[in-house]
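Number of protein chains: 4
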Amino acid sequence: MIRVTVWNEFFHERTEENVKKVYPNGIHNAIKDFLGTNEDIVVKTATLCDENCGITDELLAETDVMIWWGHVKHGDVPDEIAIKVKEAVLGGMGIIFLHSAHHSKVFKLLMGTTCNLGWRESNDKERLWILDHNHPIMQGIEGRYFELEAEETYSEPFGIPDPDKLLMIGWYNGGEVFRSGCVWHRENGKVFYFQPGHETFPTFYNENVQKIITNAVRWAAPVCPKIKLECPWVARIEEK
Amino acid sequence: MIRVTVWNEFFHERTEENVKKVYPNGIHNAIKDFLGTNEDIVVKTATLCDENCGITDELLAETDVMIWWGHVKHGDVPDEIAIKVKEAVLGGMGIIFLHSAHHSKVFKLLMGTTCNLGWRESNDKERLWILDHNHPIMQGIEGRYFELEAEETYSEPFGIPDPDKLLMIGWYNGGEVFRSGCVWHRENGKVFYFQPGHETFPTFYNENVQKIITNAVRWAAPVCPKIKLECPWVARIEEK
Amino acid sequence: MIRVTVWNEFFHERTEENVKKVYPNGIHNAIKDFLGTNEDIVVKTATLCDENCGITDELLAETDVMIWWGHVKHGDVPDEIAIKVKEAVLGGMGIIFLHSAHHSKVFKLLMGTTCNLGWRESNDKERLWILDHNHPIMQGIEGRYFELEAEETYSEPFGIPDPDKLLMIGWYNGGEVFRSGCVWHRENGKVFYFQPGHETFPTFYNENVQKIITNAVRWAAPVCPKIKLECPWVARIEEK
Amino acid sequence: MIRVTVWNEFFHERTEENVKKVYPNGIHNAIKDFLGTNEDIVVKTATLCDENCGITDELLAETDVMIWWGHVKHGDVPDEIAIKVKEAVLGGMGIIFLHSAHHSKVFKLLMGTTCNLGWRESNDKERLWILDHNHPIMQGIEGRYFELEAEETYSEPFGIPDPDKLLMIGWYNGGEVFRSGCVWHRENGKVFYFQPGHETFPTFYNENVQKIITNAVRWAAPVCPKIKLECPWVARIEEK
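Protein chains in written order, with my numbering: chain G, 1 to 240; chain Y, 1 to 240; chain V, 1 to 240; chain A, 1 to 240.
Hint data in this document are derived by calculation from the structure and do not stem from the laboratory.
Be a bit skeptical, because a hint or two may be false.
The list treats identical chains as interchangeable, and a pair is accepted whether it falls inside one copy or across any two copies.
Mimicking EDC-like on lysine to aspartate or glutamate, the simulated pairs with C-alpha atoms at most 20 Å apart in a straight line are [said to hold, decoys possible]:
{"id": "1", "residue 1": "LYS108", "residue 2": "ASP132"}
{"id": "2", "residue 1": "LYS20", "residue 2": "ASP164"}
{"id": "3", "residue 1": "LYS211", "residue 2": "ASP40"}
{"id": "4", "residue 1": "LYS44", "residue 2": "GLU58"}
Remember, predicted model here, so these are calculated numbers, not experimental data.
Produce the complete structure using the sequences and hints provided.
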């Protein structure tokens, strides 16, 4: 059983009518809804509205994979919380960053770079080209590409370390390209960045997007019990 | 169910007493024996003694992962057979190259380089250091390293493309190091090279070696039905 | 002084009026013309019209970087010649593959994959996005992207090993993306693939294209005398 | 002209007799001495003894490549200074981390991981195996490996992101291996980690070590004027 925690800043959905219409219970619950239909996955949620962002040591210890969505409230996540999450990842917890989470504190801490990108608020059509159909995260996605009728436009250069594996490149009819699906290993933790998911569009109801996030959860889950990951070889090293 | 074919040149075990003692039924059957104990894996074998090396289009179509051991008879594998196997890999079949298979035609075709290395016939102690405990191929291997009491010594520089992921580095008491566990993606196929396995040593009875090969089989198996891999997006491209 | 050999199949320019108009002396001479203006570069050319493709052991020994353009006559390059060039690369000669050279024998031998791609004959506008402005090959290219008014459209998936470094992604107004600037290391040799350069367009007169090819020549040139590369450490290894 | 700043915590050399004997003017001056003999390199130094660690915005603006040595006083470098240096790297300044600088704040910020490793104070013999003789950093290093009579032992697993290019693997007679020469790109900045250089050993007088550091300086220097790097394309992006 893979234990997932979906974290959402949950701001636009409470304050903007057009977003509320698309995600009436928040993006976190939209994600919980489709993930929860899988027999091997159990889902909790936490948001910026919860005390301490809803993130405790206990929650992290019981989370195999965290999913993160944030946008305009990155600065409201306390540094200590961001560092705690980063350390959980280094110890083996998988993590999936969605869309504007590219500027979340946790992502920037893990990448070590600005994670800047170019962008336009738009309703460009996006076409996501798939580079490797046999990667576990792309399992079941057919065709050379799939499309989203409308997404916010992101563009290169994206200020990230080169991904360990580039899975998708996004094409926008406005003239931009973006590395839309990126995989990194950070010590014991697996990291996936997935670009779609602007709050005003129904992206998280798209079948391919749901498949990819579900696949990514299974891929990012640690392959050893987390207690083991934190323990044997680390303990035996005299650490400097 | 993962369908594995273990290919072995099966020469030393028939012609040299000291090897016959270690692997009386051949290295292929030693591998088949431990792989076959897994409920999700079925194993066939093929050798250089079989007509056409025992490799037919039908066999390749029904193989999810091939395992390859060869040493002094690489040249006896006809080019057409080697090319056939390479193409099956590009179409999605996983492949695991063991020890001296670094100089097999199939490996060299897939790598595009000489695959040369330094070597000494020896009975050096080897210590295999693990770089990523959370990779599926390393699942269940505990400690920072594991040891083999005796192995043939391989050394850098190893004339390969940089692996997509380096999993293990071998240390030899004689003074050498070697990239002993290497992962590549080649189009739709996953490739793993694993250095241990000289014919005169009981390496394939080692518990860690068996675990790693078993893990690698599960990792290398295609995540879509192979017929799909060869088909949808390839068909839709006007290929140049 | 960097010694460059530009190889061209030199077929379209002799047989098709519209191509002849763009490159009256052949693509090889168009490249020679701009490379030759650099004081640190000397350029020879060779074509399919020459005996043995104009490629001799002596020429390879005296070439630091080879540039390769081919399209419909890949099959006319004898296997022995292609293998000779591949081996020169593994020994330290740099090589730059342009446009449809993705299907040349030498490129496919070095990559180990089909190197297939999607394509449309078109006169799409292409916009080349730059991922790393501080790579030697991108030196002096300003802006986040540069454009070509018309190019043949290439699209993903491109059947190559993941590049060691991805430098550019091409966007086409028809809806495609392509990994347009890719770097690999193959043993002692440096390899650069650069997508623009269809025979019917004046791509090789574009200032940015010329800068990139010139930069790539300097980047790909071996950093030790080639005789050294072929020699000291290779000689000292007992090769298997 | 490449402008280098060598930063050293300069503690052991002032407080311990055995270190003072080896580096009477500090490790920074030992490095300055050999770098300064090159006509294309000018060297400044800065240490923890200087006000604000000797690091100002002006110094960073005038530094093309920084070299960093630290060990027991990492915590005394103020966070603001470490962040300033990190940002200079992301903007294009090259940086070389030596030996125990693996635990410096700047390195850990750039890597995003713990950068933990195993270690033994020892005087093990180290043998550094070279994986790519044609990389600019390895220029002029002959043979398959070179040796240091005595070094502190470092061992895997090294808690770093996989390097973009692994150049050297260290072998220690005590049984350890280590990724001793690692290259990363971090946005506009080039990063090199080089493991030798314990304060009690005369490592920085070793000819190969000096050559490698000198090569790395030339490799890490930005290929565009730094003012340009910070400017054109960054300015044109609407940054999120």
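The hints, checked one at a time:
1. LYS108 <-> ASP132: Between copies only: 19 Å across chains, 26 Å inside a chain, cut-off 20 Å.
2. LYS20 <-> ASP164: Answer is neither; intra-copy 36 Å and inter-copy 43 Å both fail.
3. LYS211 <-> ASP40: So LYS211 and ASP40 pass the 20 Å test inside one copy only (14 Å; across, 24 Å).
4. LYS44 <-> GLU58: within (13 Å within a copy, 47 Å between copies)
Of the numbered hints stated above, the single one contradicted by the structure is hint 2.
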